[in-house]
Amino acid sequence: MSEAEMKIGAYLCKGCGIGERLDMSAIAMITEREAKAHIVKEHDFLCGEEGVSLIQNDIDNEGVNRVAIGGCSRRAKTEAFTFGDIPVTRANWREGVIWIRPDTDEARETTNDMAADYIRMAVAEVKFMHKPEPNEERATNNRLLVVGGGISGMTAAVEASKAGYPVTIVEKTGALGGIAAQLHKRVPEKSPFAEPVDTGVAELIAAIDADKNIEVCLNSTLAKTDGAPGRFEVTVATESGSTEEKTFGAIVQASGFTPYDANKLPELGYGKSADVITQLELEKLVNDGAGDIIKRPSDGKQVSSVAFVQCAGQRSDKEGHLPYCSGHCCTTSIKQALYFKQSNPGIDTNIIYTDLRTPGAGGEDFYRSGQDKGVTFTKGNVSEVSSEGDSLAVKFKDLILNEDAQENVDLVVLATGMVPNSGPNIDSELTEEEKNAEEKPISILNLNYRQGSDMPQLKHGFNDSHFICFPYETRRTGIYTSGPVRRPMDIFQAKEDATGAALKGIQAIENAALGRAAHPRSGDLSFPSFQKSGCTQCKRCTVECPFGAIDEDEQRYPQFNEARCRRCGTCMGACPVRVISFKNYSVDSVGQQIKNVEMPDEFDEKPRILLLACENDAYPALDMAGMNRIEYSAFIRIIPVRCLGSVNLIWITDALNSGFDGVMLMGCKKGENYQCHFVKGSELAQIRTSKVDDTLQSLSLEPERVETHEVAITDIERIPQLINDMAATIERIGMSPFKF
Amino acid sequence: MSNGNTALAEKYRNNFLQEVIANVEEGEWVRMCMQCGVCAGSCPLGNAWAHTPQEIFMMIRAGKREEVLTSDSMWMCTSCYNCIVRCPRKLPITHIMHGLAHYAERMGLAPKNQPTRKFALEFWKNLTKTGRVNETSLGVKLYFIDGFVSGIKKGLAALPLGLRMFKTKRLDPMAMISSSGCKGKGDIHKILAKAKAIEDAKFQSKNA
Chain E
1 MSEAEMKIGA
11 YLCKGCGIGE
21 RLDMSAIAMI
31 TEREAKAHIV
41 KEHDFLCGEE
51 GVSLIQNDID
61 NEGVNRVAIG
71 GCSRRAKTEA
81 FTFGDIPVTR
91 ANWREGVIWI
101 RPDTDEARET
111 TNDMAADYIR
121 MAVAEVKFMH
131 KPEPNEERAT
141 NNRLLVVGGG
151 ISGMTAAVEA
161 SKAGYPVTIV
171 EKTGALGGIA
181 AQLHKRVPEK
191 SPFAEPVDTG
201 VAELIAAIDA
211 DKNIEVCLNS
221 TLAKTDGAPG
231 RFEVTVATES
241 GSTEEKTFGA
251 IVQASGFTPY
261 DANKLPELGY
271 GKSADVITQL
281 ELEKLVNDGA
291 GDIIKRPSDG
301 KQVSSVAFVQ
311 CAGQRSDKEG
321 HLPYCSGHCC
331 TTSIKQALYF
341 KQSNPGIDTN
351 IIYTDLRTPG
361 AGGEDFYRSG
371 QDKGVTFTKG
381 NVSEVSSEGD
391 SLAVKFKDLI
401 LNEDAQENVD
411 LVVLATGMVP
421 NSGPNIDSEL
431 TEEEKNAEEK
441 PISILNLNYR
451 QGSDMPQLKH
461 GFNDSHFICF
471 PYETRRTGIY
481 TSGPVRRPMD
491 IFQAKEDATG
501 AALKGIQAIE
511 NAALGRAAHP
521 RSGDLSFPSF
531 QKSGCTQCKR
541 CTVECPFGAI
551 DEDEQRYPQF
561 NEARCRRCGT
571 CMGACPVRVI
581 SFKNYSVDSV
591 GQQIKNVEMP
601 DEFDEKPRIL
611 LLACENDAYP
621 ALDMAGMNRI
631 EYSAFIRIIP
641 VRCLGSVNLI
651 WITDALNSGF
661 DGVMLMGCKK
671 GENYQCHFVK
681 GSELAQIRTS
691 KVDDTLQSLS
701 LEPERVETHE
711 VAITDIERIP
721 QLINDMAATI
731 ERIGMSPFKF
Chain B
741 MSNGNTALAE
751 KYRNNFLQEV
761 IANVEEGEWV
771 RMCMQCGVCA
781 GSCPLGNAWA
791 HTPQEIFMMI
801 RAGKREEVLT
811 SDSMWMCTSC
821 YNCIVRCPRK
831 LPITHIMHGL
841 AHYAERMGLA
851 PKNQPTRKFA
861 LEFWKNLTKT
871 GRVNETSLGV
881 KLYFIDGFVS
891 GIKKGLAALP
901 LGLRMFKTKR
911 LDPMAMISSS
921 GCKGKGDIHK
931 ILAKAKAIED
941 AKFQSKNA
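Protein chains in written order, with the numbering used here: chain E, 1 to 740; chain B, 741 to 948.
Please note that a few of the clues may not be correct.
Stated by the list, open to error - Short, incomplete list of chain B residues facing chain E, as computed with Cβ under 8 Å:
hint: 1; residue: 771
hint: 2; residue: 775
hint: 3; residue: 778
hint: 4; residue: 794
hint: 5; residue: 798
hint: 6; residue: 799
hint: 7; residue: 801
hint: 8; residue: 802
hint: 9; residue: 806
Just so you know, the hints here were simulated from the structure itself, not pulled from any lab data.
Backbone N, C-alpha and C fix where the C-beta goes; we use that ideal spot for every residue, glycine too.
Assemble the whole structure, with the sequences as input and the hints as a guide.
Here's what the structure looks like:
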């Protein structure tokens, strides 16, 4: 749209005390003459029916096609201030100005400066915002692919089918059921949480067999997965060698876990005595047993005493052991001890644990039930299990009595952990050991993505999920992991997880059909586009995209897959030649805001500090600081950004060049326990800004002038403090010499 | 229960735990302990005990019959009820401690010179004799609990206090001799004898 066709309406609200605090006539003049809004109107109560219809009327009859509103934060009154697809910007006068400034004569001038700058910025921004174009990639395929036919996969399939979506299950083995099918019984999930109950696997399989909406491909794997939400092209290969092309809307990866190899635990007697078994082997033993009698494997003697060794090869730093807790094993051992108690209450069952963990609402009740039925719990550290005559000697340190102890039993059950079936780690090169290993991790999805064949992993081989804030999320839009491939979990949790994953898949299907973004910018219709002519094929965008949304075409130009994109703008922040932009968010839409801040000259003693604040945590926290009337410096100018990852270094350079005395960046926590809504954005921003020092040096500016902070949404008091600290720093080191 | 003292419970088997469940007052609760240690941390006299309640419960599970029953730990309990109030599993720990002490006494394993035990026996004797506690005679008994010489010494040390109490009619030396027992103390003796018979019978039937 050309300048001539653009008609900007600026609407200045005087409600919520804004009118009393600000010099509205002066600001209206600035909006008209300096910011050059075409229509400027003041109103006492803009979010009311009358105010909203005032704006709507100008849109309908006066040809207003851009709206800038001075009033409350962009996070408030969003429904009232939405006018179809007309771009709207907001000058945050309420939470960002009058609520954070003292109502004194002294402060009046700087407070007014602040409000005037914010409306200048809002009008400047809206000039560079355009209606999003229809997404060419919209595709409708509502079939869900579930990879894995265990308890998680079957649950996901059943739940999706219940919601009216057809499902295809691809299962590697010849039968549905997975590990849960090998169990005798399972831990109860309903009150009174007292007795082991039926696994429910048979029921699930029957439900799937009876469901015409669910297609099951046994003995099958994925040979290739390509495309994006709404149009995943999948090659399903069967064991016999035949392949079939199928199209899906979304994918749930429920590839489950492999039991830890107990052969790595010779000190606990595994492999040396047939009477040392794992939990899963005990399930088989009980299933095979005649009636209620459990016989030990070595000589078929009826078991009269059994010891359960918890954390076998788990929660340990030793090489080859699992460093994490598998979550289910304590309750599983209680369940298994009850198998024995049910057959004969006189059987001694001793669970030797270091920390007993029984997660879930019923976990504690089940623990009590075990104690009540006479299962003994001993806090101890098992060091060795060895054969001693006719029995097994379990040597351990009793941690309550602080002494070495020994118990002789007929059978020892090792609580070994879960190893996720998450495929190869796409972010790391294979180590020598892994290269030489007989069994290399096999790709589950065989994704034809530029960033790798499988879902990224976070820790200990588990697939990355946004586990602190949005545990159902993954880093590949439209592909959701569920069950123990994501984190160790029991059947109850896996079912719940699978239901969540199925719903996420359905969301992705629906969003793809409408060309909209998925979480966290759900509903966003904009998507990144790039100017091919300027692209240098540096590959930063394709490498850095946290969601693997960008592939490379044959000519090695980036190829955006809009349906995979989460609209964080990390690619825009990465691009050194600034050719990537969104229709309503671009290098210009932010850059122009920076340029339109009025820069007082050096001797006015009014420094200017730019704060680029992540809209997910930092900006809401700032709004809440306003609600709590926490004062901070009037010299700050805050611009919300989609993610720190979208911050292009040019903004910082421009700000410093145009006379800003300081630049602050606030984003979410990065690293292993990240809270960044876009996973990697905050981390990438910090890597990029670490290179700002060169810019500062070339401008002969002090390094203190640019700061990056990790903040959380709860830092309501800390963020104002950080701003005030920066203002104090500027006062100490002096004003920037770049004010012209 | 003649051979009970000699038959050593096998380690980490349920034998001793079963014995406690069957015979000790509130003993069925021992299996519900989750070893959190809040009782141990809450006991104001915990430092003075050889074993905290948490340890005693673990020792019971570990089958350490001799060690538990000969321990003086549960005799140290002052019934402040801190542990009961705080136990997240709602174990009546104070009652279990007294139950264990009582059981140890019955088994003849209680430490002979444990002062609380000695006091308890004197108190019981004094009380059941007439159906009413004679404070003066109980007091004198306690002065001499550690022998004649120590009794005289303690008595002399407390003499000024005793004289003042005498002057204000708070102490009647004659009461020591002219016991003011309650009416029908013969009936009380009968009641106690019957109660003991019932308890013994119960114990016999459980451990038959």
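Query - Hints that the structure is at odds with (numbers, increasing) - result: Hints 3, 9 not satisfied by this model.
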